[in-house]
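Asker: Spelled out, the chains give:
Protein chains: 2
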Amino acid sequence: MAEKPSMDTVVSLCKRRGFVFQGSEIYGGIGSVWDYGPLGAELKRNLKSAWWKSVVQARDDMEGLDAAILMHPQVWKASGHVDGFADPLVDCKKCKRRFRADHLPGKGDIRRCPDCQSEINLLETPPRMFNLMLKTFLGPVEDAGSITYLRPETAQGIFVNFTNVVNSRHRKLPFGIAQIGKSFRNEITPGNFTFRTREFEQMEIEYFVKPDEAAASHERWVQERYDWYVELGIKKEKLQLRPHGAGELAHYAKACTDIEYLFPFGWSELEGIANRGDFDLRQHQEASGKELTYFDQPSNTRFLPFVIEPSGGVDRAALAFLVDAYREETVNDGTRVVLGLHKALAPFQVAVLPLLKNRPELVELARKITAGLRREFVVKYDDTASIGKLYRRQDEIGTLYCITVDVDSLQDHKVTVRDRDTMQQERIDVAQVENYLRKKLNC
Amino acid sequence: MAEKPSMDTVVSLCKRRGFVFQGSEIYGGIGSVWDYGPLGAELKRNLKSAWWKSVVQARDDMEGLDAAILMHPQVWKASGHVDGFADPLVDCKKCKRRFRADHLPGKGDIRRCPDCQSEINLLETPPRMFNLMLKTFLGPVEDAGSITYLRPETAQGIFVNFTNVVNSRHRKLPFGIAQIGKSFRNEITPGNFTFRTREFEQMEIEYFVKPDEAAASHERWVQERYDWYVELGIKKEKLQLRPHGAGELAHYAKACTDIEYLFPFGWSELEGIANRGDFDLRQHQEASGKELTYFDQPSNTRFLPFVIEPSGGVDRAALAFLVDAYREETVNDGTRVVLGLHKALAPFQVAVLPLLKNRPELVELARKITAGLRREFVVKYDDTASIGKLYRRQDEIGTLYCITVDVDSLQDHKVTVRDRDTMQQERIDVAQVENYLRKKLNC
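In order, the protein sequences belong to chains Z and A. The opening position of the first sequence corresponds to residue -13 in this note's numbering, with each subsequent residue numbered one higher. The opening position of the second sequence corresponds to residue -13 in this note's numbering, with each subsequent residue numbered one higher.
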């Protein structure tokens, strides 16, 4: 279980280098909310873009969607969230604090308060179900009629738009709809840094198929989603597939397989791929009174498609990529920390560094190279420290290539290009740098 | 005022072609919430990416950020939103409905209920201030202590992270922080399609400068932001700059200029560029007790920077680009609708269309070309209608080039490439198509 790096190491790097800050930190923070700093914002952008390109733009059988966080409250009634999306909570009679009953230390009905250590008898103070949806009020009157919820999952935005997408995009089965967006859950015990938070971002697919093709489609999606993480650099030995047992399945699910990553805090879910049958479309059809069936021309029949749902967390994936990419290496002058992020994910592809910042000609040439490369690459210019320090900084944030402009560059029109992983340096003609990088970075 | 196209035309195209659907439509919708369909999702992605590249990645003086929607409630106390972000509401005594007092028909204190037409005397039923922030409750107890708000602007996420960004990214003035994200306002009178909605997406910059450089920086940002819209294709005659009069400025603002677009419903704000002085950092410094000053090494002084804020709406920009790009042209066989979107914004860059879908060799070649082009471009394959219909479809959604594979293609290995705007067709070698498009589309 003592996996390297430790969470402390990762959290510390994230804050120091600007990947992740505590939300509202100057006010003492707000429970389990995190802000992505400059580098975290780029990492998340790259991750989401890699996902979108892979599951939407590279395929003929997919459409994208960007539905709102706010939905009609009946959506959550039909989906089962109003009635069933709840945790059992219990109050400690002594200290008055509130806990998830199934997480209390102790056994059976006799538990212990984790705060004041007094006994909690679940027979005397039975747990009450506490809905995990965050509620809000829309419109000028704050009453029961104006209540709605922040979506606890992006999936329902896809289901309610199923017919709109079929009609506007002339779709035939099988096809899928993909979406990235924020969701909210009032978790009672969030934690493990950005792994479980009350505000989080999902990347979800609902893939609509004929019922008799669902099982095969489910298998294919499990494999494709697993491959995606591996292609983006996650080590295979840190990934596992965990099919849910029959007792573990949600009542509507026909099958579910989790893709798990070995985080420093143990094996935990990155993404779940479920066969949801026609549960969601059927629920919404009944609740809304709108026909949500699909008309299959060849067989001249109408039916509710089955749905395969690969549902991943953006924040979890980002955390896994960070943890997995982190390594410490012994080099001549000590230890270097490298974030070996995949070239499609690294916040910066290239850094341009003048060896001496007090030589205007060097700075000018470095800035000129930066401007030129920016037409094609994500480039960072930095002259705020010595070259050794600048290299370490770029290694620690995963920048793939460092280009150093030195005094010789002014004469021979060459620069030193340093590879993040091998630390090998090559002298390259300034005029050839763009071509060189294009070959190396072409994803 | 009768600008072309009408809003009805735009709304209808958006629904028919899959740009925008009404939120939770199958449940009758939910007030002023909209979902972006497959094409709207791509348009918004492209728009946000163009902004991010322009204001973050193409510059040396900017950092990105992705702060959470949920923030500590004290943030909104310090920012002035808890006390001051409110509209005056009044109840109709007769029909019990609630309205914004300043929007009621009638004059002075004697108004009329827009619903039941009875008189509303504002002296007898004085308006009460109604806060526009959407409230929610975090944690296991729903009481005053657990209230927080959905952010009504992304800006405050930048201010509270000012010191974190300066320290982690070794920043010196002047520099800016840019962010894209959802915000929420409980507007009493939302409307004009996606122009004013309760859930919306912002793209905001806070640019930190020395106080004596603020006025010049404000001017530069007004010009740069104006140029951005023009570069992405907005017609200059539909854009205007409107500096706020002294009486119109927020109490903390030193200056503000709006960039307005001539929508079918009149001139309306796309983006505001404000000089906010040091109001925000000062408020947060006082409320949090944390030092938020900047230490200027050359002058050996500490001070609160001034802030220039270019604050734009993603949904408004998307709507302006759609409206502005829409045109109807008379062609031989009637009228064609073209969405002349800029090449950086169009949902699809290329469509590949087999002339006959019942000829497997044509379909195979078309699919092969599609797969090849996808390495570099966003490509749509479509064989679900006749070629004339397919062209019209692609014109209407702004696809820049259509590649048609016909029977001759099998012999001469050439395809027809059709330009969206000129409708000119060229025969191009299959092997040359990639190069051809690269030249045309290189943004």
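Calculated directly from the structure, the hints in this document are not laboratory data. Don't take each hint at face value.
[Stated by the list, open to error] Derived EDC-like pairs: lysine to aspartate or glutamate, alpha-carbon spacing no greater than 16 Å straight-line:
| no. | chain 1 | residue 1 | chain 2 | residue 2 |
| --- | --- | --- | --- | --- |
| 1 | Z | K240 | Z | E277 |
| 2 | Z | K276 | A | E128 |
| 3 | A | K39 | Z | E362 |
| 4 | A | K82 | Z | E205 |
| 5 | A | K426 | A | D398 |
| 6 | Z | K82 | A | E128 |
Just so you know, these numbers come straight off a predicted model, no measurement behind them.
Asker: A separate judgement is required for each hint: does it hold in the structure or not?
Answerer: Now for the hints, and whether the structure bears them out:
1. Our distance criterion of 16 Å between C-alpha atoms is broken by Z/K240 and Z/E277, whose separation comes to about 23 Å.
2. Distance check on the hinted pair: Z/K276 and A/E128 sit about 35 Å apart at the alpha-carbon level, beyond 16 Å; violated.
3. Taken as a hint, the A/K39 and Z/E362 pair is honoured in the structure, with Cα atoms around 11 Å apart against an allowance of 16 Å.
4. About 56 Å separates the Cα atoms of A/K82 and Z/E205, which puts this hinted pair outside 16 Å; it is violated.
5. The hinted pair formed by A/K426 and A/D398 fails the criterion: a straight-line CA distance of about 23 Å is larger than 16 Å.
6. A hinted pair counts as satisfied when its Cα atoms are at most 16 Å apart, and Z/K82 with A/E128 qualifies at roughly 14 Å.
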